[in-house]
Amino acid sequence: GAVVSQHPSWVICKSGTSVKIECRSLDFQATTMFWYRQFPKQSLMLMATSNEGSKATYEQGVEKDKFLINHASLTLSTLTVTSAHPEDSSFYICSARKGSYSNQPQHFGDGTRLSIL
Amino acid sequence: GQQLNQSPQSMFIQEGEDVSMNCTSSSIFNTWLWYKQDPGEGPVLLIALYKAGELTSNGRLTAQFGITRKDSFLNISASIPSDVGIYFCAGRRYGGSQGNLIFGKGTKLSVKP
Chain A
2 GAVVSQHPSW VICKSGTSVK IECRSLDFQA TTMFWYRQFP KQSLMLMATS NEGSKATYEQ
62 GVEKDKFLIN HASLTLSTLT VTSAHPEDSS FYICSARKGS YSNQPQHFGD GTRLSIL
Chain B
10 GQQLNQSPQS MFIQEGEDVS MNCTSSSIFN TWLWYKQDPG EGPVLLIALY KAGELTSNGR
70 LTAQFGITRK DSFLNISASI PSDVGIYFCA GRRYGGSQGN LIFGKGTKLS VKP
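Quick note, the sequences are listed as chains A and B, same order. Sequence positions in the first sequence follow the working numbering and run 2 to 118. Sequence positions in the second sequence follow the working numbering and run 10 to 122.
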């Protein structure tokens, strides 16, 4: 199997709060994990690529100081939304790639619904 | 930027009917993936394709990697109510950064019992 667990599944917090989202590969090691953002009725937008033991690669237009990514082990990557504001409210989804080849499929977590009041 | 054109955008069908959706690109892809996403959940991998012309089945689902390497289709036979959801194609370009996926905009499938 290839199970990816994402936690928490939903968060409601006040503006200005920092929120950490965890992404774990439960039954495999993932050298590379990905973080996506999805707006209602839209497709997935890649935010950043997280590599174990190195700095994340951010897509154009994504603020790296706003969305902090840490990939400290082969089974865990975290996304921290710093000083979150209402416009950061969205559905955040992580994925993990099983194996070391870049053409291996990505397996997704169940997402985190973030609502900033 | 690179885009995948996925069609149709939505489909309303009767239970038991067959379904077909496709994705096209202006660039050559070396991998095509099909995912299904239910509301409030992450996408679930349905089928992965790695070679031009490859035809792969997963139960009632069949997907093909186009010969031109610029397209892929997904067929669902004898649809049932639990097939309802949003289906996304995703592809990986030759030379793409770290093997990143590019997603289509999704096909929303509704099945009437």
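To be clear, the hints were calculated from the coordinates, so they are not data collected in a lab. Accuracy of the hints is not assured; some may be wrong.
Straight-line C-alpha distance at most 20 Å; calculated DMTMM-like pairs for lysine to aspartate or glutamate [to be verified]:
1) A/15 / A/60
2) A/42 / B/47
3) B/114 / A/60
4) B/114 / B/80
5) B/114 / A/28
6) A/21 / B/50
7) A/65 / A/28
8) B/117 / A/111
9) A/42 / B/26
10) A/99 / A/28
11) B/117 / B/26
12) A/67 / A/89
13) A/42 / B/50
14) A/67 / A/28
15) B/114 / B/24
Computed from a prediction, not measured in an experiment: that's the story for all the values here.
The hints, checked one at a time:
1. A/15 / A/60: Status violated; Cα separation ~27 Å.
2. A/42 / B/47: holds, 12 Å
3. B/114 / A/60: Distance ~18 Å between residue 114 of chain B and residue 60 of chain A Cα, so the pair holds.
4. B/114 / B/80: Distance of about 15 Å is within 20 Å: holds.
5. B/114 / A/28: violated, 30 Å
6. A/21 / B/50: holds, 19 Å
7. A/65 / A/28: Violated - the C-alpha atoms of residue 28 of chain A and residue 65 of chain A are around 29 Å apart, more than 20 Å.
8. B/117 / A/111: holds, 18 Å
9. A/42 / B/26: violated, 25 Å
10. A/99 / A/28: Holds. Residue 99 of chain A to residue 28 of chain A sits at ~10 Å (cutoff 20 Å).
11. B/117 / B/26: Since the Cα atoms of residue 117 of chain B and residue 26 of chain B sit roughly 15 Å apart, the hinted pair holds (cutoff 20 Å).
12. A/67 / A/89: holds, 10 Å
13. A/42 / B/50: Since the Cα atoms of residue 42 of chain A and residue 50 of chain B sit roughly 13 Å apart, the hinted pair holds (cutoff 20 Å).
14. A/67 / A/28: violated, 30 Å
15. B/114 / B/24: Answer violated: residue 114 of chain B to residue 24 of chain B is near 24 Å, above 20 Å.
In summary, the numbered hints that this structure violates are 1, 5, 7, 9, 14, 15.
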